[in-house]
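Order-wise, the sequence lines are chains A and B.
In my numbering, each number is its position in the first sequence, counted from 1, plus 38.
In my numbering, each number is its position in the second sequence, counted from 1, plus 2.
Nothing false has been slipped in among the hints.
In silico SDA-like cross-links for lysine to any residue, where the CA-CA straight-line distance does not exceed 20 Å:
no. : chain 1 : residue 1 : chain 2 : residue 2
1   : B       : Lys-135   : B       : Phe-123
2   : A       : Lys-84    : B       : Lys-223
3   : B       : Lys-227   : A       : Val-80
4   : B       : Lys-135   : A       : Asp-111
5   : B       : Lys-135   : A       : Arg-69
6   : B       : Lys-223   : A       : Leu-114
7   : A       : Lys-221   : B       : Ser-47
8   : A       : Lys-229   : B       : Glu-241
9   : B       : Lys-135   : A       : Glu-349
10  : A       : Lys-229   : B       : Gly-242
11  : B       : Lys-227   : A       : Arg-69
12  : B       : Lys-135   : A       : Leu-114
13  : A       : Lys-84    : B       : Asp-67
14  : B       : Lys-223   : A       : Val-109
15  : B       : Lys-223   : A       : Glu-349
16  : B       : Lys-223   : A       : Ser-108
17  : B       : Lys-227   : A       : Ser-108
18  : A       : Lys-221   : A       : Arg-300
19  : A       : Lys-191   : A       : Gly-218
20  : A       : Lys-221   : B       : His-49
21  : B       : Lys-135   : B       : Lys-223
Don't read these hints as lab results, they were simulated from the structure.
Residue strings, one per chain:
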Amino acid sequence: MRTGALIVAALLLLAGCTADGGDDDGPVTLRFQSLAWQEESVQANKDLVEEWNATHSDVKVEYVQGSWSSVHDQLLTSFEGDEAPDIIHDASDDLADFAYGGYLADLTGLLPARLTSDIPQRSWETTTFGDGVYGVPFLQEPRVLVANATWLKRSGVRVPTPEHPWSWAEFRRITEQLSGDGKYGVAWPLKEPVSATLNLSLSAGGQLFHRGADGKVTVRFEAGDEVVPRTVHDQVGTDRSASPTTLGSGGSDTLPGFFGGRYAMVPLGFSYRQQIVQQAPEGFDWQVLPAPAGADGLAQGVSPQTLSVAEDSPHKKEAAAFIDFLLRPQNMVRLALGDWMLPTGTQALADPALHTAKDDWATGTALAEHLRPAPAQSVRGYAEWKDKVATPAFQEYYSGAIGLGELRERLEEDGNLVLARYQR
Amino acid sequence: MRTRPAARAGRAAQYTALLGYLVFLAFPFLWLLSVAFKPARELGSLHPTWIPEHPTLANFRQAFDEQPLLHAAFNSLIAAVGAAVIAVALATPMAYVMARRRTRLARAASGWVVVSQAFPFVLVIIPLFLVLKNLRLIDSVPGLVMVYVVWALPFALWMLVGYVRAVPVELEEAAAIDGAGRLRTLVSVTAPLLAPGIVATGLFAFVTAWNEFFFALVLLKTPEKQTLPVVLTHFIGTEGVADLGPLAAAAFLATLPSLVVFAIVQRRITGGMLAGAVKS
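Just need the whole structure built from these sequences, with the hints factored in.
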């Protein structure tokens, strides 16, 4: 942090402190880097920028297109060089290092009460690091089961609803019932096994990361943490009710098999519905089901998309005002529809457009109240723990190469060594 | 003249291997071509076909509607041509000196050229960013061209040194005996023999700059200045989910200039490669 500050100070000196300080007479120009990428979403963002510019002659916003695939490296370099956009679109699980590094502005006191009270506290927790709030969480998505509706009806199994979801044990039984003849009840796309496992484990009371009285975090793999991994492992290795070939795949890779009648269900993010609508064969009947529930009901972790302001922006107030405009309830609905996700704002979430049966919006909206901050996102060292310890350990466990005991040992022993380095 | 059966079988095996290699090389491009013309429903098919069942231009239309592909291609072209021309202009005289003057400095320079290839992008990007910022060359195509030149120069130099060494020094000595001065010898004797190597090196610098993504991503801020590889990533969303049809259509168009340039200068490159490979 100190190094970053020194670099910024040196650059300002070298650049002759030419940055405008906001006292110029001309209109202020803000750069808004958006990561919207789907056609409707890009259009919604551009339209909103246009509407802002049409009504705010003194503060102009310039739309800059960013990309999810490279946002972290690109932002890091921009921050170091004092060239970051004023308003930054990202996800809450990417903010910790930037927030602790002093690159993002603390939004406490900058945002209007309307916005702060509209978004639930549990969502604000995803962007709160230490004493500051470093982003506005605005879109999120639960992980759901996308099912072949015809297959389910034909099999006669009970179809779950948000009010009466399957338990994890029931889910396992049903996938076994649906399997056979080279077909599987479920295909788990677990290319990124850690976030999927940890987020779903909240339903079974899993926590994994435990913060002590001294503020230090340790990993403990307890009974609640075992439920989801054991279910997946047993579906693949014991019941043969989950396809072993999709464990290394991304969500999109499982869709051809799903459309082709090879898998009855695929656990996917809620926004995958857009791809399904586009790619499903004519007449293919699909539906969204809630993920199974455990001891803690339908709880699951999420890392919402966020809007932040760069610490070095000379126009923080104006940037916060633009964020407020962008996240007015009716605008948040437009952004949510464009991205096929759920808004965090309670007023936007109540909008009738998000409660329709079409494309199963209503099922997802009913799950919103159960979404919690992803368990690990504020833990320093999480990224290294995930890449070096947890990802290979979960992959080996799911493929049957190691047992639950060794999984626990690696997550805890190796994991705590990694975390300890970040908490000295 | 009759060929023996063993020789014929050997030749057949060679052609079979060559065909296999061509298929291996062509597969990604042909698949890209196939996907670019497929409607969304065919992309989700469990049994994909090479030839689209219902070919469509919708992916191309969507790609052009959503992203400024032509403008980005123009930016890429400026950066790639600029980098290729400057890299070749700098590397040719440097390579000549390094090849002809076997001094300690030349040997040290050759060693440094090889070592410099070992630095990964991520190691240099932040210092480079700060240097360019001080030079006020961030967010400018000339700044990007400068980076591409520096990035391409070591390998271009290494390539050209090989080509210069392949030009027999006796030819230059003969020209000198015939009364040609140093400049005349270089222009009339050495340069024509080096032409294939210069074309090959220029093509290498062009393709490197045309395809480059990370520097362009970090150094260019203004949307109007972004290059084609950066714009292509706008079709990719969270968790690697991609808008596959438009992405394939745009990527297919992005590969065309390299293919066209390669097709035009192909014969010269072949000549150049042979010239560089044969040591006198």
